[in-house]
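The listed protein sequences correspond, in order, to chains A and B. Numbering-wise, the working numbering puts 624 at position 604 of the first sequence, and it's gapless, one number per residue. Numbering-wise, the working numbering puts 144 at position 123 of the second sequence, and it's gapless, one number per residue.
Just to be clear, a hint being listed does not mean it is correct.
[As the list claims (entries may be wrong)] Each computed DSS-like pair below joins lysine-lysine, with the alpha-carbon atoms no more than 25 Å apart:
| # | chain 1 | residue 1 | chain 2 | residue 2 |
| --- | --- | --- | --- | --- |
| 1 | B | Lys26 | A | Lys239 |
| 2 | A | Lys165 | A | Lys520 |
| 3 | B | Lys123 | A | Lys504 |
| 4 | A | Lys239 | B | Lys45 |
| 5 | B | Lys72 | A | Lys520 |
| 6 | A | Lys520 | B | Lys135 |
| 7 | B | Lys123 | A | Lys259 |
| 8 | B | Lys26 | B | Lys72 |
| 9 | B | Lys135 | B | Lys72 |
| 10 | A | Lys504 | B | Lys43 |
| 11 | A | Lys520 | B | Lys48 |
| 12 | B | Lys135 | A | Lys504 |
| 13 | B | Lys43 | B | Lys72 |
| 14 | A | Lys33 | A | Lys47 |
| 15 | B | Lys43 | A | Lys239 |
| 16 | B | Lys123 | A | Lys520 |
| 17 | A | Lys504 | A | Lys520 |
| 18 | A | Lys239 | B | Lys48 |
Because the hints were derived from the structure by calculation, they are not lab data.
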Amino acid sequence: MTDKDTARANRWKRFSEWDERPLRLDKFAVEDADNGFAAFTSRHDPAPSLALSSNAVASMDGIAAPDFDMIDWFIARYHIDLEIAPEAMGLPPLDVARMLVDMNVPRQELVRLARGMTPARLAEIVAHLSSLEIAFAYSKMRARKTPGNQAHVTNAKDDPLQMAADAATAVAFGFDEIETTMRVARNSWSNAVACAVGSAVGRWGTLFQCSSEEAEELKIGMAGFTSYAETVSVYGTEKSFIDGDDTPWSKAFLASAYASRGIKMRCTSGAGSELLMGHHEKKSLLYLEARCLCLQRAMGVQGTQNGGIDGAPVTCTVPGGMRELMAENLIAVWLDLECASGNDARPTESEIRVGAKILPFLIAGSDLICSGFGSILKYDNSFNASLLNGEELEDYLVLQRDFEADGGLTPVEELRILDLRSRAVDALSAVLEELGLGEPTPDMKQSVVMASGSDDTRSYAPRDVTLISEAINARGITIVDVIKALDARGFRAEAENLLKLVRLRVSGDYLQTSALVRNGRVLSAINDPNDYLGPGTGYRLSEARRDEIVAIRDCLTRDDVLRAEAIHKPSEAKRISYRTMGPAHSGSDAGEVVIGLSPAFGNTLFRTVAGHPLSAVLRELVSGIAHGGAKARIVRMHHTADTSFLGLSAARLAGSGVGIGIQAKGTAVIHQKDRLPHNNLELFSNSPITRLEHYHRMGANAAAYARGDLPEPIVVPTRGEALGARYHARVSLIYAIETGMTVDDGAPEEVEITFLEVAR
Amino acid sequence: MSAPKLTVADYPLAENRPELVKGKRGKGLDEITLDAVLVGQITLEDLSITKGALHQQAEIARDAGRSTLAQNFERAADLVDVPQETIMRIYELLRPGRASSKDDLLAAALDLEKTYGAIAMAAFVTEAAEVYERRGLFRRRY
Numbered sequence: 021m022t023d024k025d026t027a028r029a030n031r032w033k034r035f036s037e038w039d040e041r042p043l044r045l046d047k048f049a050v051e052d053a054d055n056g057f058a059a060f061t062s063r064h065d066p067a068p069s070l071a072l073s074s075n076a077v078a079s080m081d082g083i084a085a086p087d088f089d090m091i092d093w094f095i096a097r098y099h100i101d102l103e104i105a106p107e108a109m110g111l112p113p114l115d116v117a118r119m120l121v122d123m124n125v126p127r128q129e130l131v132r133l134a135r136g137m138t139p140a141r142l143a144e145i146v147a148h149l150s151s152l153e154i155a156f157a158y159s160k161m162r163a164r165k166t167p168g169n170q171a172h173v174t175n176a177k178d179d180p181l182q183m184a185a186d187a188a189t190a191v192a193f194g195f196d197e198i199e200t201t202m203r204v205a206r207n208s209w210s211n212a213v214a215c216a217v218g219s220a221v222g223r224w225g226t227l228f229q230c231s232s233e234e235a236e237e238l239k240i241g242m243a244g245f246t247s248y249a250e251t252v253s254v255y256g257t258e259k260s261f262i263d264g265d266d267t268p269w270s271k272a273f274l275a276s277a278y279a280s281r282g283i284k285m286r287c288t289s290g291a292g293s294e295l296l297m298g299h300h301e302k303k304s305l306l307y308l309e310a311r312c313l314c315l316q317r318a319m320g321v322q323g324t325q326n327g328g329i330d331g332a333p334v335t336c337t338v339p340g341g342m343r344e345l346m347a348e349n350l351i352a353v354w355l356d357l358e359c360a361s362g363n364d365a366r367p368t369e370s371e372i373r374v375g376a377k378i379l380p381f382l383i384a385g386s387d388l389i390c391s392g393f394g395s396i397l398k399y400d401n402s403f404n405a406s407l408l409n410g411e412e413l414e415d416y417l418v419l420q421r422d423f424e425a426d427g428g429l430t431p432v433e434e435l436r437i438l439d440l441r442s443r444a445v446d447a448l449s450a451v452l453e454e455l456g457l458g459e460p461t462p463d464m465k466q467s468v469v470m471a472s473g474s475d476d477t478r479s480y481a482p483r484d485v486t487l488i489s490e491a492i493n494a495r496g497i498t499i500v501d502v503i504k505a506l507d508a509r510g511f512r513a514e515a516e517n518l519l520k521l522v523r524l525r526v527s528g529d530y531l532q533t534s535a536l537v538r539n540g541r542v543l544s545a546i547n548d549p550n551d552y553l554g555p556g557t558g559y560r561l562s563e564a565r566r567d568e569i570v571a572i573r574d575c576l577t578r579d580d581v582l583r584a585e586a587i588h589k590p591s592e593a594k595r596i597s598y599r600t601m602g603p604a605h606s607g608s609d610a611g612e613v614v615i616g617l618s619p620a621f622g623n624t625l626f627r628t629v630a631g632h633p634l635s636a637v638l639r640e641l642v643s644g645i646a647h648g649g650a651k652a653r654i655v656r657m658h659h660t661a662d663t664s665f666l667g668l669s670a671a672r673l674a675g676s677g678v679g680i681g682i683q684a685k686g687t688a689v690i691h692q693k694d695r696l697p698h699n700n701l702e703l704f705s706n707s708p709i710t711r712l713e714h715y716h717r718m719g720a721n722a723a724a725y726a727r728g729d730l731p732e733p734i735v736v737p738t739r740g741e742a743l744g745a746r747y748h749a750r751v752s753l754i755y756a757i758e759t760g761m762t763v764d765d766g767a768p769e770e771v772e773i774t775f776l777e778v779a780r
Numbered sequence: 022m023s024a025p026k027l028t029v030a031d032y033p034l035a036e037n038r039p040e041l042v043k044g045k046r047g048k049g050l051d052e053i054t055l056d057a058v059l060v061g062q063i064t065l066e067d068l069s070i071t072k073g074a075l076h077q078q079a080e081i082a083r084d085a086g087r088s089t090l091a092q093n094f095e096r097a098a099d100l101v102d103v104p105q106e107t108i109m110r111i112y113e114l115l116r117p118g119r120a121s122s123k124d125d126l127l128a129a130a131l132d133l134e135k136t137y138g139a140i141a142m143a144a145f146v147t148e149a150a151e152v153y154e155r156r157g158l159f160r161r162r163y
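Could you put together the complete structure from these sequences and hints?
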């Protein structure tokens with residue numbers, strides 16, 4: 021019978037408030053290995069073991085060879101290096117865990133040992149590491165030295181114009197790879213052409229993939245539009261594999277098929293997939309993932325997209341889930357695989373959990389930190405929202421700057437983005453027209469250039485796109501046709517860029533582990549190996565790269581502050597005049613309150629941080645003092661700019677012994693002549709939220725103290741804003757201007773003020 | 022095959038050993054220009070990887086200590102001349118429940134070996150046939 025309000029009265033109100041936070045949209049699961057909900061260990065996980073017969077594995081992780089399922093079989097046949105295995109399996113696991121975080125043990129040595137270790141042993145060893153140790157070991161063990169990043173480029177309408185504009189935008193922000201997929205499967209060819217053209221705008225070298233049905237994806241690759249593939253999924257239990265409609269052999273065959281067409285390829289695996297598919301065999305997430313990763317090395321793929329991926333959200337429901345995702349990534353790089361380290365499917369609604377999830381990867385670096393980062397808005401992401409999305413891209417840029425960490429991205433100026441988006445839309449329109457696929461109107465194009473997401477566009481709808489896509493496929497249009505079309509319409513730079521990308525296939529250099537293209541060069545684990553051996557080694561930000569990363573928009577300088585202040589000088593001159601009347605005297609009138617102005621007040625600086633004209637602030641202080649029955653005397657201080665000392669100096673000049681100190685930024689204090697400097701009567705430190713009425717009441721309270729009364733102190737209400745974050749850069753610059761104007765032993769001066777008009 | 026094996030020092034081939042890099046019709050990287058594409062001298066075929074390139078990359082991968090990656094490149098070299106339809110047909114056959122018996126896969130392996138000289142890949146498909154039989158993967162799934 022209790023209604024809602026009564027029920028709420030029975031609980032601490034904070035719980036009701038917590039219920040309303042985004043975090044509580046996340047659902048958590050109790051640890052329960054029997055039902056697959058265990059991150060690191062399950063009593064059903066096998067004890068690590070390996071027995072060899074002549075030239076073969078006799079048993080592995082507690083299973084005899086005749087009982088091997090096809091995953092065991094493949095791992096035993098292709099992953100286990102029989103020469104290294106006895107040594108590697110003979111090492112105490114804790115010793116190997118320590119080697120992983122020992123900067124003096126080279127990566128190569130650990131990579132060698134991993135070839136002789138079983139999945140259960142690899143999982144056992146990384147489980148010894150704390151989250152911090154895993155992140156450190158990851159940084160040391162990842163294959164390529166230079167970190168990179170991957171973007172999703174998709175939209176809710178499959179609109180090719182927007183696809184091209186967003187691809188060019190992602191390329192400008194520095195993504196090394198872009199991945200697209202469709203709302204409507206048949207639109208794959210249109211997506212492929214649009215992203216290929218868009219990614220060729222501005223620079224060349226961004227690798228591109230179009231995630232679609234296996235046969236279709238390979239066909240699109242053969243037509244030259246895509247340069248890599250990563251949706252070749254593998255699983256850690258045989259039943260999941262079969263339900264996924266594949267086997268290790270079919271996937272390995274596909275891997276070779278991609279290489280045979282000169283297309284870079286990685287597999288995908290991640291914790292939680294077996295759990296989601298209902299065949300977890302009661303094993304821990306990490307153990308199953310260790311199987312997946314050994315299998316991938318066995319298949320001979322150069323890399324993996326790994327770290328939960330679509331299973332990340334379910335993995336993050338269990339205790340240690342995020343640590344597990346890091347641990348499986350560590351196994352991936354330890355096995356010498358390129359790692360596109362997840363951080364994609366959004367595992368939480370909590371922005372704090374998002375930030376916590378990304379940080380270890382941002383500071384450790386990764387071949388591809390996200391696989392992918394949603395470069396578009398959440399609702400436009402056809403893979404579903406990512407950990408980080410278009411909405412949060414600037415947050416990520418700032419994190420790079422905060423930690424001086426290379427997250428693979430670079431801030432881009434607004435005008436440059438607009439140029440690139442226009443160019444991409446024009447280039448794709450030219451291709452569509454030239455190939456007789458469509459004739460976008462100026463309105464369609466303009467709406468796309470300016471659009472943040474597909475809600476803002478007046479462009480192609482999914483059905484229009486299907487017609488374009490099917491025509492591309494039916495007519496057998498290839499990258500060569502697109503290159504010719506671009507050139508025919510004057511987009512020579514883009515034609516060149518596309519050609520350079522396809523030409524990579526001829527040498528196959530970019531098929532090697534962890535390959536990407538930077539500044540026109542293939543960079544991989546072979547010619548850019550991670551050589552970390554402690555401070556001063558491994559990846560370090562170059563000065564030039566640091567300059568790029570720190571150049572976020574809207575950073576404040578001293579000149580900006582002075583320029584902004586100077587704008588207000590003329591209007592203030594119309595409202596108030598300050599006349600210097602010579603050295604200030606000590607007053608004897610018990611009814612006077614002295615207001616001590618800071619050195620720059622009203623002559624160099626003209627507004628408080630809250631934006632009040634200083635003339636208005638003074639008017640309120642003076643009228644407040646009068647309202648309280650005292651009279652104000654104004655004195656300019658030269659020896660200090662500090663609020664406390666301004667106030668105390670003013671108080672000691674006042675006949676009443678009570679003074680107000682005020683800085684140009686609006687910070688003020690009521691002081692009394694016999695008190696210690698920082699032990700004042702009332703302090704108004706939150707100048708950004710101090711209103712004019714507060715200054716009036718401050719004056720009135722000062723008058724009350726002068727009379728010997730004890731007034732109610734004035735409380736400036738705060739709602740917990742991060743005022744320091746909002747104002748401290750400006751405040752510090754302003755204050756430095758004030759302190760720069762102080763003169764040692766400078767004597768206070770009497771100031772006569774005249775209000776010239778009503779300040780607003 | 023008598024030439025000395027390539028090593029990581031030769032990588033990237035396009036930069037360090039450009040004379041070794043040729044397209045399917047023998048075109049070198051310096052011949053693959055936009056102007057050549059525009060006049061039709063360069064086609065998609067010239068922009069494809071060759072068996073030779075995959076074997077070269079296999080040598081480099083092996084020198085870098087990545088023997089399984091090298092084996093993949095070698096199997097890939099076997100598939101370079103296999104038509105797309107055949108590739109997709111064998112891939113389909115390797116999926117669970119597609120082949121009705123070991124014989125289907127063995128026939129595919131024989132085709133790879135006899136028609137395309139794809140010895141490594143033929144052995145791989147044969148191996149799959151053995152394991153599939155043991156694990157009961159020839160059961161129809163739909």
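Right, here's what the structure says about each hint:
{"no.": "1", "hint": "B:Lys26 <-> A:Lys239", "result": "violated, 33 Å"}
{"no.": "2", "hint": "A:Lys165 <-> A:Lys520", "result": "holds, 24 Å"}
{"no.": "3", "hint": "B:Lys123 <-> A:Lys504", "result": "violated, 48 Å"}
{"no.": "4", "hint": "A:Lys239 <-> B:Lys45", "result": "holds, 19 Å"}
{"no.": "5", "hint": "B:Lys72 <-> A:Lys520", "result": "holds, 21 Å"}
{"no.": "6", "hint": "A:Lys520 <-> B:Lys135", "result": "violated, 36 Å"}
{"no.": "7", "hint": "B:Lys123 <-> A:Lys259", "result": "holds, 20 Å"}
{"no.": "8", "hint": "B:Lys26 <-> B:Lys72", "result": "holds, 15 Å"}
{"no.": "9", "hint": "B:Lys135 <-> B:Lys72", "result": "holds, 17 Å"}
{"no.": "10", "hint": "A:Lys504 <-> B:Lys43", "result": "holds, 22 Å"}
{"no.": "11", "hint": "A:Lys520 <-> B:Lys48", "result": "holds, 15 Å"}
{"no.": "12", "hint": "B:Lys135 <-> A:Lys504", "result": "violated, 39 Å"}
{"no.": "13", "hint": "B:Lys43 <-> B:Lys72", "result": "holds, 11 Å"}
{"no.": "14", "hint": "A:Lys33 <-> A:Lys47", "result": "holds, 21 Å"}
{"no.": "15", "hint": "B:Lys43 <-> A:Lys239", "result": "holds, 23 Å"}
{"no.": "16", "hint": "B:Lys123 <-> A:Lys520", "result": "violated, 44 Å"}
{"no.": "17", "hint": "A:Lys504 <-> A:Lys520", "result": "holds, 14 Å"}
{"no.": "18", "hint": "A:Lys239 <-> B:Lys48", "result": "holds, 24 Å"}
Checked against the numbered hints given earlier, the structure breaks hints 1, 3, 6, 12, 16 and satisfies all the rest.
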